[in-house]
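Chemist: Chains as they are written, first to last, in this note's numbering: chain A, 70 to 338; chain B, 8 to 218.
Any given hint could be a false lead.
As the list claims (entries may be wrong) - To give an idea of the interface, some chain A residues facing chain B are shown, with a C-beta separation under 8 Å as derived from the structure:
| hint | residue |
| --- | --- |
| 1 | Phe155 |
| 2 | Gln160 |
| 3 | Val193 |
| 4 | Ala197 |
| 5 | Leu233 |
| 6 | Phe239 |
| 7 | Ser240 |
| 8 | Ala265 |
| 9 | Phe268 |
| 10 | Phe269 |
| 11 | Pro270 |
| 12 | Val273 |
| 13 | Ser320 |
| 14 | Ile322 |
| 15 | Leu326 |
Said to hold, decoys possible - Derived DSS-like pairs: lysine-lysine, alpha-carbon spacing no greater than 25 Å straight-line:
| hint | chain 1 | residue 1 | chain 2 | residue 2 |
| --- | --- | --- | --- | --- |
| 16 | A | Lys241 | A | Lys82 |
| 17 | A | Lys224 | B | Lys208 |
| 18 | A | Lys298 | A | Lys210 |
| 19 | A | Lys309 | A | Lys72 |
| 20 | A | Lys77 | A | Lys144 |
| 21 | A | Lys144 | A | Lys210 |
| 22 | A | Lys117 | A | Lys210 |
| 23 | B | Lys190 | A | Lys266 |
| 24 | A | Lys224 | B | Lys19 |
| 25 | B | Lys199 | A | Lys298 |
| 26 | A | Lys144 | A | Lys241 |
| 27 | A | Lys85 | A | Lys308 |
| 28 | A | Lys266 | A | Lys241 |
| 29 | A | Lys308 | A | Lys224 |
| 30 | A | Lys298 | B | Lys19 |
Since the hints were made in silico from the structure, they are not lab data. Where is the CB? At the ideal position from N, CA and C, for every residue including glycine.
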Amino acid sequence: MEKTFTEKIQINKRNKIAGLYPATKLQIVILFSISTLIINSIKLTDAKLALLLIPWFALVPFMFAITGEFKKSMKSMKPIFVVAIFIIAVQTFIVSGGQTLWHWHFLSIREKGLQTAISLGFLVLNIAGMFTWMLQSTSTKEISRCFEESGMNFKVAYIFTSSLEMIKVFSKRSQTILDAQRSRGVETEGNLKVRAKAFFPTIVPLILGGIIGSEDRVLTLEARGFSIKGEHTHLFDLKKSGYERRMLVVSIIITLLIIAGRISLWRMK
Amino acid sequence: MTKNERKQFSIKEDFSMLALLIIPVGVAVNFVGGQLASLLRLPLYLDTIGTIFVAMLCGPWVGAITGLLTNILTGIANPVNFAFIPVAIIAGLVTGAFARHDYFSVWWKWLIAMVVMGAASILSAAPIVVLMFGGVTGSGASLITATFMAAGANIWGAFIGTEGLFNVLDRIISVLICLAVIKVIPNRNLIKFSCGMFYVKDREEIAEVTE
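Generate the whole structure from the sequences, applying the supplied hints.
Modeler: Okay, here's the thing in structure tokens:
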């Protein structure tokens, strides 16, 4: 039997973790971030390194795997890896202070540099990684619907989805304008001056088109009763997967265990 | 509007239907501006043109929302951007505040505005970059910062020194682009925005006629 339009736009995820309610995912990410910060305060070895952050990072790929989107999520982790590697490299070799741990020609690793390298680098990796998990497993449609259900104004949800659409439209349009300008002789290759000159004739028509077009969109929206007072109807329904409670309880228990561990370490000293 | 009476601004009026629809345009312009700058291999980010444009037309609050939303949406692809949300908000607020006081209609006034905008952005970005990322974020300018740091410069000084120059330049170009666009928007569109009347062409003549 053919599906109706409303049935077609619904999102049905087979994976229970991927189908978690977006607000629950956010709560898990916040708990994870708190735990990460606590773990960062535990320093091991004589050089006082926050080494525990490294095994803790294993949780991020683990979450990717149980969500069933390991490859896709790892791919979007790429820019984060770049930033983290950059931070670690710069901090390790450049920041001075403390004992020299390792020396080779002009390169040397100092105690203080290694400390900040590991804790900053892995803080970024851990927290940004968990955000990646949340955002890769949730579609923007779900996020904007969740905004509305959590009591935010429907206009906020609209602006959110509309911005995403607009980015796609504008990216396409900028390509068109760039091609059009090229065909009438604007050069986009060459030295810096030439390339900088090409920027203006592309961005100006783009902004202008957006401004003039927005008036039409006001009329279109108003014609569909956008700012009407009263209850709004929805075609897309947000479902809960049924694992919300379990996942949240597990995360809370892990966080509490980490807090307990931290406190007992203080006592031991 | 005559010269003597000043327009009263209110947040509720700021977020008119048109302002709400201009926010997505601003976000998209930010995004495409940054993309285009890297496509043309320009040494600047140019990813706040949309925020500045919206703030110039609709005031600080709408501008701040544009900045916030841009970083939330780019953060979906790269969560590092979440850390820079305050920078984006401040860019919108500062530009909007200048727009409210009619700083973009006389050349020496917008020159002042640009320098302050550049300073505001670098001062708001510095604590985030230094304390959260240890001075480097993986961009092109970071390499210069890292070189200065290796030469023994203070981490704050190295960051503000290198990024400061790029930031002021970035703001100057962004404002010039926005002014160029505003110049060609017809009056009938301009007056619908809360700060639009400052950019209306032939202001004096129109004021005389309406009087």
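Chemist: For every hint, state whether the structure bears it out.
Modeler: Hint-by-hint comparison with the structure:
1. For Phe155/A, the interface hint holds, since its Cβ comes within 8 Å of a Cβ in chain B; the closest pair sits about 4 Å apart.
2. With a least beta-carbon distance of about 5 Å to chain B, the hint placing Gln160/A at the interface is held under the 8 Å criterion.
3. About 7 Å separates the beta-carbon of Val193/A from the nearest beta-carbon of chain B, less than 8 Å, and the hint is met.
4. Because the smallest distance between the Cβ of Ala197/A and any Cβ of chain B comes to about 4 Å, under 8 Å, the interface hint for this residue holds.
5. A hinted interface residue such as Leu233/A counts as satisfied when its beta carbon comes closer than 8 Å to some beta carbon of chain B; here the least separation is about 7 Å, so the hint holds.
6. Proximity of Phe239/A to chain B holds as hinted, the smallest CB-CB distance being about 4 Å (cut-off 8 Å).
7. Below 8 Å, beta-carbon pairs count as interface contacts, and Ser240/A has one with chain B at about 6 Å; its hint therefore holds.
8. The interface hint given for Ala265/A is met, as the beta carbon of that residue sits about 6 Å from the closest beta carbon of chain B, less than 8 Å.
9. For Phe268/A, the suggested interface contact is upheld, since its CB lies about 6 Å from the closest CB of chain B, less than 8 Å.
10. For Phe269/A, the suggested interface contact is upheld, since its CB lies about 7 Å from the closest CB of chain B, less than 8 Å.
11. Look at Pro270/A: its Cβ only gets to about 10 Å from chain B, farther than 8 Å, so that hint breaks.
12. The beta carbon of Val273/A comes within 5 Å of a beta carbon in chain B, closer than 8 Å, and the hint placing it at the interface holds.
13. For Ser320/A, the suggested interface contact is broken, since its CB lies about 19 Å from the closest CB of chain B, more than 8 Å.
14. Look at Ile322/A: its Cβ only gets to about 25 Å from chain B, farther than 8 Å, so that hint breaks.
15. The criterion of a C-beta within 8 Å of any C-beta in chain B is not met by Leu326/A, whose closest approach is roughly 26 Å, and the hint is violated.
16. Between Lys241/A and Lys82/A the alpha-carbon distance is near 30 Å, which puts this suggested pair outside the 25 Å criterion.
17. The straight-line distance between the Cα atoms of Lys224/A and Lys208/B is roughly 32 Å, outside the 25 Å bound, and the hint therefore fails.
18. Straight-line distance between C-alpha atoms of Lys298/A and Lys210/A comes to about 23 Å, which keeps the hinted pair within the 25 Å bound.
19. Taken as a hint, the Lys309/A and Lys72/A pair is honoured in the structure, with Cα atoms around 22 Å apart against an allowance of 25 Å.
20. With a C-alpha separation of about 28 Å, the suggested pairing of Lys77/A with Lys144/A is violated against the 25 Å cut-off.
21. Only pairs whose Cα atoms come within 25 Å are accepted, and Lys144/A paired with Lys210/A is accepted, the gap being roughly 22 Å.
22. Among the hinted pairs, Lys117/A with Lys210/A is inconsistent with the structure: their alpha-carbon atoms are about 45 Å apart, more than 25 Å.
23. For the proposed pair Lys190/B and Lys266/A, the alpha carbon gap of about 19 Å is at most 25 Å, so the pair holds.
24. Of the pairs offered as hints, the one joining Lys224/A and Lys19/B holds, with about 13 Å between alpha carbons and a cut-off of 25 Å not exceeded.
25. As the CA atoms of Lys199/B and Lys298/A are separated by approximately 23 Å, the hinted pair is consistent with the 25 Å bound.
26. Under the criterion of a C-alpha separation no larger than 25 Å, the hint pairing Lys144/A with Lys241/A is consistent with the structure, at around 23 Å.
27. Taking the CA atoms of Lys85/A and Lys308/A, the gap is near 11 Å; set against the 25 Å cutoff, the hint holds.
28. Our distance criterion of 25 Å between C-alpha atoms is met by Lys266/A and Lys241/A, whose separation comes to about 21 Å.
29. Of the pairs offered as hints, the one joining Lys308/A and Lys224/A holds, with about 22 Å between alpha carbons and a cut-off of 25 Å not exceeded.
30. The hinted pair formed by Lys298/A and Lys19/B meets the criterion: a straight-line CA distance of about 16 Å does not exceed 25 Å.
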